[in-house]
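Chemist: What follows is the residue order along each chain.
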Amino acid sequence: MSIFDKFQQLAATRQELEKSCDTFFNIVMEEIISGTEAVINGRPTILAGSNNYLGLSFDSDCIDAACDAARKEGTGTTGSRMANGTFSGHVALEQELAEFFNRQSAIVFSTGYVANLAMLSTLIGPGEIILLDADCHASIYDGCRLGGAEVHRFRHNDPQDLEKRLRRLEKRNTNILVIVEGLYSMMGDRAPLADIVAVKDKHGAYLLVDEAHSLGVLGANGRGLAEEAAVEDGVDFVVGTFSKSLGAIGGFCVSNHPELNLARYASRPYVFTASSSPSVIASTRTALKILQKRSELRDRLWDNAHRLYRKLQDLDFSVGPEPSPIVAVRLEDKAEAFALWSGLLENGVYVNLVLPPATPDGNCLLRSSVSAGHTPEQMDRICEAFTAVRKAVETV
Amino acid sequence: MKVYENILGELYKILKPFVPQGIEIGEETDLVADLGLDSLKVMKIVESVEDSLDISIPLNILPDVRTVKDFALQIQKLIGDG
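For the protein sequence lines, the chains are A and B, in the order given. Taking our numbering, the leading residue of the first sequence gets 1, the next gets one more, and so forth. Taking our numbering, the leading residue of the second sequence gets 1, the next gets one more, and so forth.
Hints listed in this document are in silico derivations from the structure and should not be mistaken for laboratory results. A virtual CB, placed ideally from N, CA and C, is assigned to each residue, including glycine. Please note that a few of the clues may not be correct.
Restricting the straight-line Cα-Cα distance to at most 27 Å, the calculated cross-link-like pairs of lysine-lysine (DSSO-like) are [claimed, not checked]:
{"#": "1", "chain 1": "A", "residue 1": "K334", "chain 2": "B", "residue 2": "K13"}
{"#": "2", "chain 1": "B", "residue 1": "K41", "chain 2": "A", "residue 2": "K164"}
{"#": "3", "chain 1": "B", "residue 1": "K77", "chain 2": "A", "residue 2": "K171"}
{"#": "4", "chain 1": "B", "residue 1": "K69", "chain 2": "A", "residue 2": "K6"}
{"#": "5", "chain 1": "A", "residue 1": "K171", "chain 2": "A", "residue 2": "K202"}
{"#": "6", "chain 1": "A", "residue 1": "K6", "chain 2": "B", "residue 2": "K41"}
{"#": "7", "chain 1": "A", "residue 1": "K72", "chain 2": "B", "residue 2": "K16"}
{"#": "8", "chain 1": "A", "residue 1": "K202", "chain 2": "A", "residue 2": "K164"}
{"#": "9", "chain 1": "B", "residue 1": "K77", "chain 2": "A", "residue 2": "K6"}
{"#": "10", "chain 1": "A", "residue 1": "K171", "chain 2": "B", "residue 2": "K16"}
{"#": "11", "chain 1": "B", "residue 1": "K2", "chain 2": "A", "residue 2": "K334"}
{"#": "12", "chain 1": "A", "residue 1": "K334", "chain 2": "B", "residue 2": "K41"}
{"#": "13", "chain 1": "B", "residue 1": "K77", "chain 2": "A", "residue 2": "K164"}
{"#": "14", "chain 1": "A", "residue 1": "K19", "chain 2": "B", "residue 2": "K77"}
{"#": "15", "chain 1": "A", "residue 1": "K171", "chain 2": "B", "residue 2": "K44"}
{"#": "16", "chain 1": "A", "residue 1": "K19", "chain 2": "A", "residue 2": "K6"}
{"#": "17", "chain 1": "A", "residue 1": "K334", "chain 2": "B", "residue 2": "K44"}
Partial list, derived from the structure: chain B residues whose beta carbon lies under 7 Å from chain A [stated by the list, open to error]:
{"#": "18", "residue": "D38"}
{"#": "19", "residue": "S39"}
{"#": "20", "residue": "S52"}
{"#": "21", "residue": "S56"}
{"#": "22", "residue": "P58"}
{"#": "23", "residue": "I79"}
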């Protein structure tokens with residue numbers, strides 16, 4: 001018996017998938033042409049599955065800021081925030097995030113995954129309870145597991161189910177943290193946040209909202225769903241990422257609880273990892289400024305989102321419950337999902353193919369994400385590619 | 001014992017749609033090896049048990065559940081804990 005025996009099932013699944021679709025495991029961006037285009041399998045391809053919502057990964061000001069920082073401060077910090085890894089840029093970004101969200105304080109983490117791992121493993125622990133939406137991201141589940149709290153799920157986007165569980169659990173007379181997301185990453189649907197805030201207030205629970213996909217996307221100022229739903233005061237903690245709308249990598253948590261700053265000293269994922277490199281911090285600071293100044297990016301993003309959502313509805317695809325920059329097509333048949341995904345790639349369009357059990361309801365998903373950076377011509381080509389593959393698969 | 005038997009009966013009812021043809025379900029039935037349940041199906045079953053018995057089942061107990069009997073005993077403990 002070897003330590004690798006446990007991977008046999010994975011090996012068999014991978015082999016099976018490769019038989020159906022040999023490119024599935026071999027997507028390499030051979031050349032990056034822009035924030036919305038790359039060369040894949042030797043072919044220029046429009047990226048319609050990159051979460052680059054505002055198209056800022058190629059913004060010239062962000063690139064200049066990153067290059068300047070790398071020249072002045074080096075390629076990496078080579079240390080933890082608790083040791084030699086706190087540069088003035090990290091502190092400035094934390095202040096800027098706190099100001100942007102109108103919160104007392106902020107903590108910056110090395111990735112969005114680490115932000116959830118750090119906050120959820122630290123805020124709440126053994127003897128306390130977490131109630132999370134069933135469709136929460138894996139980083140939330142992992143953070144909950146690391147902290148040792150008792151973890152319960154409630155049905156996706158169902159405040160009544162949340163209330164039922166809060167009623168059952170409040171008898172335990174312990175702290176309860178409710179966790180939801182602003183926009184859910186697979187289907188692009190919003191949480192019913194005003195109702196969730198009302199329920200958690202009624203039962204004296206805390207609330208953390210992960211705005212990973214909604215930062216820069218929702219709200220008049222781009223602060224996310226809590227701003228759009230006008231319930232920012234009812235949200236105790238906002239977690240988010242720099243790897244989507246801000247075009248870089250990193251994560252954060254903001255809060256009005258003054259104790260947030262203590263959490264950083266207790267958080268192992270914060271203490272025992274190297275801090276973000278100066279170039280990443282510099283481009284993120286610039287992107288955060290652009291997000292605030294250029295609201296037209298959000299308008300363009302939503303125009304593109306509505307356009308693709310309407311097109312896929314017209315093509316009679318089973319799409320998510322509401323238009324959003326994440327436009328997902330639900331498919332029951334795996335072979336059809338592979339055929340459509342490969343067809344899109346051959347037509348020069350890359351979207352994400354997501355297979356169960358990573359999907360919410362056991363179906364396959366063709367998950368597109370649009371960007372403010374997609375030009376009208378690129379949107380035409382994405383829509384034409386969907387039309388072509390729909391016709392081709394129907395013919396087969 | 002009566003509580004355990006009642007839980008077992010409820011579990012058999014909930015698991016019935018997930019039992020492959022030709023498999024007879026019993027206390028020692030392995031949820032993954034015998035019934036082939038994946039994580040999504042397990043979560044659906046957990047939700048049904050929660051609704052049927054008006055309890056909340058923490059995810060933390062699931063790694064200790066291999067058989068129907070393990071599941072029934074964990075539920076009995078939760079009911080006992082109130």
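Chemist: Take the hints in turn and mark each one as holding or not.
Modeler: Consistency of the hints with the structure:
For the suggested pair A:K334 and B:K13, the alpha carbons sit about 30 Å apart, so the restraint of at most 27 Å is broken. Distance check on the hinted pair: B:K41 and A:K164 sit about 22 Å apart at the alpha-carbon level, within 27 Å; holds. The hinted pair formed by B:K77 and A:K171 meets the criterion: a straight-line CA distance of about 17 Å does not exceed 27 Å. A threshold of 27 Å between alpha carbons decides the hint, and for B:K69 with A:K6 the separation of about 25 Å falls inside it, so the pair holds.
Restraint check: the Cα-Cα separation between A:K171 and A:K202 comes to about 14 Å, which is no more than 27 Å; the hinted pair holds. Note on A:K6 and B:K41: the hinted pairing holds, with a Cα-Cα distance of about 21 Å set against a maximum of 27 Å. Our distance criterion of 27 Å between C-alpha atoms is broken by A:K72 and B:K16, whose separation comes to about 66 Å. For the hint pairing A:K202 with A:K164, the CA-to-CA distance comes to about 12 Å; that is within 27 Å, so the pair holds.
Between the alpha carbons of B:K77 and A:K6 the distance comes to roughly 31 Å, so the proposed pair goes past 27 Å and is violated. For the hint linking A:K171 to B:K16, the alpha-carbon distance of about 33 Å lies beyond 27 Å, and the restraint is violated. Distance check on the hinted pair: B:K2 and A:K334 sit about 45 Å apart at the alpha-carbon level, beyond 27 Å; violated. In summary, the hint linking A:K334 to B:K41 is supported, as the alpha carbons are separated by about 18 Å, within the 27 Å threshold.
For the suggested pair B:K77 and A:K164, the alpha carbons sit about 20 Å apart, so the restraint of at most 27 Å is met. Between A:K19 and B:K77 the alpha-carbon distance is near 46 Å, which puts this suggested pair outside the 27 Å criterion. Straight-line distance between C-alpha atoms of A:K171 and B:K44 comes to about 25 Å, which keeps the hinted pair within the 27 Å bound. For the suggested pair A:K19 and A:K6, the alpha carbons sit about 22 Å apart, so the restraint of at most 27 Å is met.
Between A:K334 and B:K44, the direct Cα distance comes to roughly 21 Å. Compliance with the 27 Å bound is thereby established for this hinted pair. A least Cβ separation of about 6 Å between B:D38 and chain A falls short of the 7 Å threshold, and the interface hint therefore holds. The restraint placing B:S39 at the interface with chain A holds, with a minimum CB-CB distance near 5 Å, inside the 7 Å limit. Evaluation of the B:S52 hint against chain A yields a violated restraint, the C-beta minimum of about 13 Å exceeding 7 Å.
At about 5 Å, the closest approach between the beta carbon of B:S56 and any beta carbon in chain A falls short of 7 Å, and the interface hint on this residue holds. A cut of 7 Å between beta carbons decides the hint on B:P58: the least distance to chain A is about 4 Å, and the hint holds. Contact between B:I79 and chain A, as hinted, is not supported at the beta carbon level, the nearest pair being about 12 Å apart and thus beyond 7 Å.
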